[in-house]
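Enquirer: Work out the full structure, taking the sequences as your base and the hints as a guide.
If you read the sequences in order, they're chains A and B. The working numbering applies: residue 1 is where the first sequence begins, and numbers increase by one. The working numbering applies: residue 1 is where the second sequence begins, and numbers increase by one.
Be careful, since some hints might not be right.
[Stated by the list, open to error] Computed from the model, here is a short list of chain B residues facing chain A with C-beta under 10 Å:
hint	residue
1	2
2	34
3	125
4	127
5	130
I should point out that these hints are in silico values taken from the structure, not numbers from a laboratory. Beta carbons: idealized from backbone N, C-alpha and C, even for Gly.
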Amino acid sequence: MATETTKNEQKEAQGNAKKDNLQNIDYKMISFTLAGKDYGINILRVKEIRKAGNFTFVPNTPAFVLGVDNLRGDIIPIIDLRIMFNLPAPKKAENELENIIILRLDELIIGIVVDTIEKVVGINSSTIQPPHPIFGDINIKYISGVVENQGKLYILLDANRIFEQEKDEPSSTSPAASMDEPEEEKPHLSQDVAPKTNEEEININFILETLATFANFHVTKLNERWIVDHYSDWQKKRSQSKKSVQLESKEDAEALLQGFFSRFNNQVWPPSYAHGLVDKLDIQGNGPIQVWNPGCGSGVETYSLLMALKTKFPKRQIKVFANDNDLLSISNAPNLSLPDPSGYPEWADYVVKGKNGYSLKTELKNLILFEFHDIAHMNPFYGLDLIVARDVLSFLKESQQVKVMEDFHEKLKKGGSLVLGDHEVAVDYSLWNIIEEDGYRLFRKN
Amino acid sequence: MRVEYINPFVEAAYNILSEVLGTEIIRGNLFLKSSSRSVMGVAAIVGLAGEVEGRVLFDMKKDTALKIASVMNMEELTQIDDLVKATITELANMITAQAVTKLHELGFRFDLTPPALITGENMEVSDQEVEALIVPMECEHGNLEINVAIRERG
Numbered sequence: 001m002a003t004e005t006t007k008n009e010q011k012e013a014q015g016n017a018k019k020d021n022l023q024n025i026d027y028k029m030i031s032f033t034l035a036g037k038d039y040g041i042n043i044l045r046v047k048e049i050r051k052a053g054n055f056t057f058v059p060n061t062p063a064f065v066l067g068v069d070n071l072r073g074d075i076i077p078i079i080d081l082r083i084m085f086n087l088p089a090p091k092k093a094e095n096e097l098e099n100i101i102i103l104r105l106d107e108l109i110i111g112i113v114v115d116t117i118e119k120v121v122g123i124n125s126s127t128i129q130p131p132h133p134i135f136g137d138i139n140i141k142y143i144s145g146v147v148e149n150q151g152k153l154y155i156l157l158d159a160n161r162i163f164e165q166e167k168d169e170p171s172s173t174s175p176a177a178s179m180d181e182p183e184e185e186k187p188h189l190s191q192d193v194a195p196k197t198n199e200e201e202i203n204i205n206f207i208l209e210t211l212a213t214f215a216n217f218h219v220t221k222l223n224e225r226w227i228v229d230h231y232s233d234w235q236k237k238r239s240q241s242k243k244s245v246q247l248e249s250k251e252d253a254e255a256l257l258q259g260f261f262s263r264f265n266n267q268v269w270p271p272s273y274a275h276g277l278v279d280k281l282d283i284q285g286n287g288p289i290q291v292w293n294p295g296c297g298s299g300v301e302t303y304s305l306l307m308a309l310k311t312k313f314p315k316r317q318i319k320v321f322a323n324d325n326d327l328l329s330i331s332n333a334p335n336l337s338l339p340d341p342s343g344y345p346e347w348a349d350y351v352v353k354g355k356n357g358y359s360l361k362t363e364l365k366n367l368i369l370f371e372f373h374d375i376a377h378m379n380p381f382y383g384l385d386l387i388v389a390r391d392v393l394s395f396l397k398e399s400q401q402v403k404v405m406e407d408f409h410e411k412l413k414k415g416g417s418l419v420l421g422d423h424e425v426a427v428d429y430s431l432w433n434i435i436e437e438d439g440y441r442l443f444r445k446n
Numbered sequence: 001m002r003v004e005y006i007n008p009f010v011e012a013a014y015n016i017l018s019e020v021l022g023t024e025i026i027r028g029n030l031f032l033k034s035s036s037r038s039v040m041g042v043a044a045i046v047g048l049a050g051e052v053e054g055r056v057l058f059d060m061k062k063d064t065a066l067k068i069a070s071v072m073n074m075e076e077l078t079q080i081d082d083l084v085k086a087t088i089t090e091l092a093n094m095i096t097a098q099a100v101t102k103l104h105e106l107g108f109r110f111d112l113t114p115p116a117l118i119t120g121e122n123m124e125v126s127d128q129e130v131e132a133l134i135v136p137m138e139c140e141h142g143n144l145e146i147n148v149a150i151r152e153r154g
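Expert: Shown next, in the form of structure tokens:
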């Protein structure tokens, strides 16, 4: 991952960006604050952003060297820019984490501690003005220029100079870092899907962050394959419509995620799809069949699933726990009206016509318990035969995804099945037996 | 929490508060909470039993409690005395009772336990096994939070 960025590559990257972008943004920087003032640093120098604390102190180093930190196996020095530039640095509590920007220059990696990390700012490099010699706060040798963007003045720091200051300090060891450890709440791609070029990787990494901001969609091992596979399509689509490949609004994020959602999302499942899924289940015995459908949304998914289960197991008792954390959708779920069943004659037996259109028969509805519930909280279910959680985990933070996956495993009976979204996979293969047939993917508890 | 339970509590709280306070009540956005939550100062708690198990907690600051009790008793009260405590307890009882009546009409059987009133500083409430629905209400006397934690009897 730590590939060398040469000056040429950099120019090339900037040149390409220019062609793609009408607004002529050819320079991107990460903006951050130090003592209340805005600063920027060239994005091509930034390897990643993270939060960390409790650094290992190294004796006999300048005061601004906070120590060393373990970045997924790489030992990197951490310096505090505020101390380095003689700015006030608020004292942190012992376990409080610092905001860190990890910078990369060739093989060297260091982490700089700043007050807050704001966002990515795109500017035109011709608007960067040289620093004036009377700049006070920060020694001028670290400043490469000043730029104005949307009413804010950013002081651009020269990352190379910071490295120069730093080069006598302990530097990173081997670049062959293990990328397998999940990083705290920061989206990143794992080694096996990471793209080849630096520019692409940086672009994708920023898409990942903006996806989390705009759509609350967290890219992890669960779903990263889809994002990487669709990145080039997205790039093409955006350059055709002369828009930046980066996401600039909620709408952009939604447009990118179009196609991520599973088949028949938010509509009645065609009987063939629903029956095919139920046929793959391994449901034994004759006790009640217990199903959990988190993230059921409007409830139409729950209804479809129940109709298929009822067809396959007409004599068995069935109980479905359906929940969602969207109050509006879930409040309407018990009284949801269904479309005219003439399109699906196999479902017609389960549907009745009322004043407000078609709805599920009451005796079937009574088998479903709709709850306003956040899956990230305590989940009170146990002994389940089936969990259907399509496109739910992707909208949880990485740590929550891990916790909920553990919950799923714990709540299922042995041999019980988990259905995730069409573009989501269970990560821990030792716990799950993957059944992939006829376009269905089920995870069966070992 | 079962979706059918949500509206009766929100409506009952809104109706009773508007009626006894005679002022405009603004309902905040409902949300779920599973970890512990700090209690503002005066908390009335009503237990629920029957087909479900759980409790409803009415939480407000001391001065909000004083102002609400003053309005309800039509006299100026300045200290958390027995009258104020009885008034807030009664308010909790009225809201829960109306909610339970509405739920009864929908076919859910709930029983109430006598309310208890807790006052003090720096308290928190935590429900280990059930997430709480928080219904924030605002009026000119201050904020009031209704914290409903109910689960089906398993």
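Enquirer: Each hint should be assessed against the structure and marked as holding or not.
Expert: Do the hints match the structure? See the list:
1. 2: holds, 5 Å
2. 34: It holds, given that the least Cβ distance between residue 34 of chain B and chain A is near 3 Å, below 10 Å.
3. 125: violated, 15 Å
4. 127: At about 9 Å, which falls below the 10 Å cut-off, the nearest Cβ of chain A leaves the hint on residue 127 of chain B intact, so it holds.
5. 130: Nearest chain A Cβ about 7 Å off; hint holds.
In this structure, only the earlier hint numbered 3 is contradicted, and the remaining ones agree with it.
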